[in-house]
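On the provided structure of chain A, position chain B as indicated by the hints.
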Amino acid sequence: MNIKTTAVERTTWSDEAIVRRVLQGDTPVYRFIVERYQDIVYACAYAITGSDSDAKDAAQEAFIRVYRHLAQFDPSRPLKLYLMRIAVNCSRNISGTRRGWEPLEETSEIVKPADATAPERHAAVRELVERLPQTLREVCALFYFAEHSCREVAEILQMNESAVKVALHLARKKLLTDWRCAYE
Amino acid sequence: MNESCENFVAMLTDYRWLGPRERAPLDRHLAACERCREEWREAQAADELFTGARAPAPQGFDDAVMSALEPQPQVATNWLWPVLAGALAVEVVVAVALQIDPTPWWQAVKTFCGQLINEWSAPLSGWTLPFDPTWWIGALLLVSAFGWLTLNHRKTEHA
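Just so you know, the sequences run in chain order A and B. Using our numbering, the first residue of the first sequence is number 248, and each one after it goes up by one. Using our numbering, the first residue of the second sequence is number 92, and each one after it goes up by one.
Simulated from the structure, these hints should not be mistaken for lab results. Beta carbons are placed, not taken as given, at the ideal position from N, Cα and C, and that holds for glycine. Warning: the hint list may mix true and false statements.
Some chain A residues near chain B, calculated using beta-carbon distances under 7 Å [what the hints assert, rightly or not]:
#1 F279
#2 A290
#3 Y314
#4 R373
Output of the computed footprint for chain A on chain B, the stretches with three or more beta carbons under 8 Å from beta carbons of chain A [unchecked claim]:
#5 97–109
#6 131–141
#7 144–157
Bound-form chain A, shown alone (with noise of 0.2 Å):
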């Protein structure tokens, strides 16, 4: 691969690509992953751990580890999937760490604005997310946050696939149902 290359021919370098060019050294490149991955592993960071900066810190984490481990890595296989079960676990760390057992349903209500705008419909979307029990969140922020199929969900969070369209079946209808009640 030449080194002389544009940040827009780096950009369309595939994860693999990539993996194998840190490996060789060239550090930098790893800002690719990161910006490509960094929106969803936040997203399900946020979703499961429900705080911004325990958020931020359990996605770091999660491209930090991912960094230190690239050697042990088999880069033919997808590092998305990798990179997302290490920040489910981060986040699971850092949640349990944080909130230890409060109940999570309980924690808080919904502010049901009059006329919510498309950021603030997004937001109360994410605080309902938030208040689903921890495996239905972990399933919701996975298959829609960061667009994983039903299949690629179960090996992520290392769980039967009908066991996870189930999960998903039944976080749909409560965050249907609660959606109806707050804005319907």
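The following block gives chain B in isolation, referenced to the frame of chain A:
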């Protein structure tokens, strides 16, 4: 809900990843089954609810990650054994060549090297070193190999 409906509802969850061929039987079933259509509407409503709801990463997140990274440790030892084996092989070839003395040219080189080494080393130690160019050439090769490996390791560590 019958068994067939349960299968289709399970497929609904992954609808966005289904290809046209997989969607066709599902679409036909949805057209005929009101209960599954209701499930379908719920799935669509949830998809719509989540559209754009993903919280973006904070500004400067990528910079924060990049500043926390240290260079990947480069495995210089990957080169260690091949380089040392190469040096050893050269040493063996030279040693054999010197022992065989196939030509007067080799004999001349051997004598010249021996005289040179003894002339240089004698004033330093006061003794005349036993001459065996094989040792000296071997030592030189090994020192060069280690020197090259050390330099290469430092260079890649700071890349």
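Outcome of the hint check:
{"no.": "1", "hint": "F279", "verdict": "violated (9 Å)"}
{"no.": "2", "hint": "A290", "verdict": "holds (4 Å)"}
{"no.": "3", "hint": "Y314", "verdict": "holds (6 Å)"}
{"no.": "4", "hint": "R373", "verdict": "holds (6 Å)"}
{"no.": "5", "hint": "97–109", "verdict": "holds (count 5)"}
{"no.": "6", "hint": "131–141", "verdict": "holds (count 7)"}
{"no.": "7", "hint": "144–157", "verdict": "holds (count 11)"}
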